[in-house]
Amino acid sequence: MRHTISVLVENEFGVLSRISGLFSGRGFNIESLCVAPTMEEGISRMTLVTTGDDRILEQINKQLNKLISTIKVVDFTGEDYVERELALIKVNAEADSRAEALRIVDIFRAKVVDVTPRSYTIEITGAPAKINALLELLRPMGIKEIVRSGPVVIGRGAKGVTG
Amino acid sequence: MELTGSQILLACLQEEGVDTVFGYPGGAVINIYDDLFDSPIEHILTRHEQAAVHAADGYARSTGKVGVAIATSGPGATNTVTGIATAYMDSIPMVVITGQVPTPLIGNDAFQEADMCGITRPCTKHNFLVQDIRDLAQTVKEAFYIARTGRPGPVLIDLPKDIQVHKYKFKYPEKVKLRGYKPTYAGNSRQIDKAVKMVLQARRPVLYVGGGINLSAANEQLIKLAELTQTPVTTTLMAMSGFPQNHPLALGMLGMHGTFYANMSVTECDLLIAVGARFDDRVTGRIDSFANKAKVIHIDIDPTSIKKNVAVDLPIVGDLQDVLGKLHAKLTEQTDAVQQLIENTADWRASIAEWRQSHPMGYKSSDTVIKPQFVIEKIRELTADDAIITTEVGQHQMWTAQFFQFRQPRTFLTSGGLGTMGFGLPAALGAQVAFPERQVIDISGDGSFQMNSQELATLVQYRLPVKIAILNNNFLGMVRQWQQMFFEKRYSQTCMELPIDFVKLAEAYGATGLQAARVEDVEKTIQTALDTPGPVLMEFKVAREENVLPMVPAGKAINEMVLAS
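Sequence order for the protein chains is F and B.
Residue 1 is where the first sequence starts when you use the working numbering, and the numbers rise one by one after that.
Residue 1001 is where the second sequence starts when you use the working numbering, and the numbers rise one by one after that.
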């Protein structure tokens, strides 16, 4: 089963390798990982997506907590949360396909952020499934390049997760 | 007052109560060694950095204090890795300080540079690269705190050479600042209440005890709990000295080379109380058959140990002194129920007694050739209960665990988790430094001994009277045993064909060398060694193809043992 986990960590030397090394060393899956500082002094937040059965996920949670640099671990599975990912997509756009590309961008409430006579670069934000759907529609035009951020999540409701 | 980085380091060590460090100098720690020259801290110069770490480990295992080792950058630092991994697998509190190239050169492939934080990340509890002199004292404080609290473990401090010479005012911090590290010591009282109920309902209970018992010094609490409830106790390799092996409730070791009665008890029990143990594969054998008739209570200070390998009915996270003490106290309040429990479990103890009688631990004795088990029994007879025994890894290690009958905590120092050949001699060195008056004996094999035999020099230099008993079969015996049993006796690369003159080797270093080739010489040799001042190496020419039995073949359930005939 797919789990999205937020990890609050000390923003210090080598912390990313501690987390990624834990996953590779213990054979845990890691589908995506994003990291950035939070508003709190010295704390970064990682969002990682992993898969595994209940026993493996229990180990992942415990092993993450065991790291000295880890301040808090939140598994959002089963919780009510908002999930968003950013993607930048460079797609062929020549002659007859230019209008079609713009229509698709419009339907998905995406944005064109760079234009050349032969291409559009499209920015889209949304749940990973929405990005996948957009990619499916753009694929026939010829996608030249794609970069995805990996998802970040935040819980719904007034309560915040802090360190 | 302003001090240099290396002076701050040594001042911090003194604040932590460190009186002895083990190490080996080099370019990137030369400033530390210059200050050590005037320091009250004693430094033991080993002949290899790996041995310095094992010695610090032996010091820590025998005392319970944090062991400290120092090595230079690059090769000195990488030589410490096996020692650090050994300590990590057995949860030994240790701080290893490695020199590093100056901060401006880090990442430049500088002379004697190695990324030690990268290399040791998976085999330390935590590690630090000090990048600013202002952080040094706080880092040392936290390193010691992390090493000795919670589930103990080794911590590495990588200290660049320029930080060692920078100056800063020294004040030892009073507090650690670790918002992500708060080990749980007190067991949850509702969980403990549930455990009391499960214990009182049991008909066939067993205590399965691991190395945590020594690490938490909960030996008295364990004995009291076992005696109150009359529950039999089986111990892992790491816990052989954690419960007196001559106690009527002691079942000896379980697992791959466990006793018949320990393995049968675990297989048949209806309640397994795991205490500071981690269900290692050498203990469990085939995992789905391990204690599969039992409810499992698992008490451990490390939550990751719980439910890692087996399903657990009742987890209790906490320190064993606390949890076992509370469990005992709560059971003591229920005199009638405990009396009933003892009656309910009488048949169980009788069954175990039958197993013990039908298949006792033993070996075929001989008048013509020295049996390795016989040597171990004789060492036991001739030494005090508080003698500290270290081993290397292999057959001799298992025979020592099986036959030595340990009585006191922290008297058996052996590399259990990592299984490091070459551990025993430097570990004995460290234990002897900690306890100059006690008997310290390294029981070794001819293979393992040669992995760190250079430490004979250290023993002689510091007049450390460690006694070494090499059970010499001219084989890498444990691998040979596997080849005999599972590879049609194809002894690939396990015969140590070159006969070493161990007596001359000892003498070359200035130690005493003794040899026993006949059964009747064994006792005399051991007694002579014990009576001789200074380090003594004893070589016993033992039966070459003796096997460690019982044995559970890899992948089998622990009740499917190959037994001694």
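No lab work stands behind these hints, which were simulated from the structure alone.
Glycine included, every Cβ here is placed at the ideal spot set by N, Cα and C.
Keep in mind that a hint or two might mislead.
[Stated by the list, open to error] Taking lysine-lysine and the BS3-like style, the derived pairs with C-alpha atoms no more than 30 Å apart in a straight line are:
| id | chain 1 | residue 1 | chain 2 | residue 2 |
| --- | --- | --- | --- | --- |
| 1 | B | Lys1065 | B | Lys1197 |
| 2 | B | Lys1182 | F | Lys62 |
| 3 | F | Lys66 | B | Lys1295 |
| 4 | B | Lys1182 | B | Lys1308 |
[As the list claims (entries may be wrong)] Interface residues of chain B toward chain F, partial, derived using beta-carbon atoms under 8 Å:
| id | residue |
| --- | --- |
| 5 | Pro1040 |
| 6 | Ile1146 |
| 7 | Arg1148 |
| 8 | Tyr1181 |
Evaluation of the provided hints:
1. B:Lys1065 to B:Lys1197: Roughly 36 Å between the alpha carbons, so the hint for lysine 1065 (chain B) and lysine 1197 (chain B) is violated.
2. B:Lys1182 to F:Lys62: holds, 13 Å
3. F:Lys66 to B:Lys1295: holds, 27 Å
4. B:Lys1182 to B:Lys1308: holds, 21 Å
5. Pro1040: Nearest chain F Cβ about 31 Å off; hint violated.
6. Ile1146: For isoleucine 1146 (chain B), the interface hint holds, since the closest Cβ of chain F sits about 6 Å away, which is under 8 Å.
7. Arg1148: violated, 14 Å
8. Tyr1181: holds, 5 Å
Hint violations for this structure: numbers 1, 5 and 7, all remaining hints satisfied.
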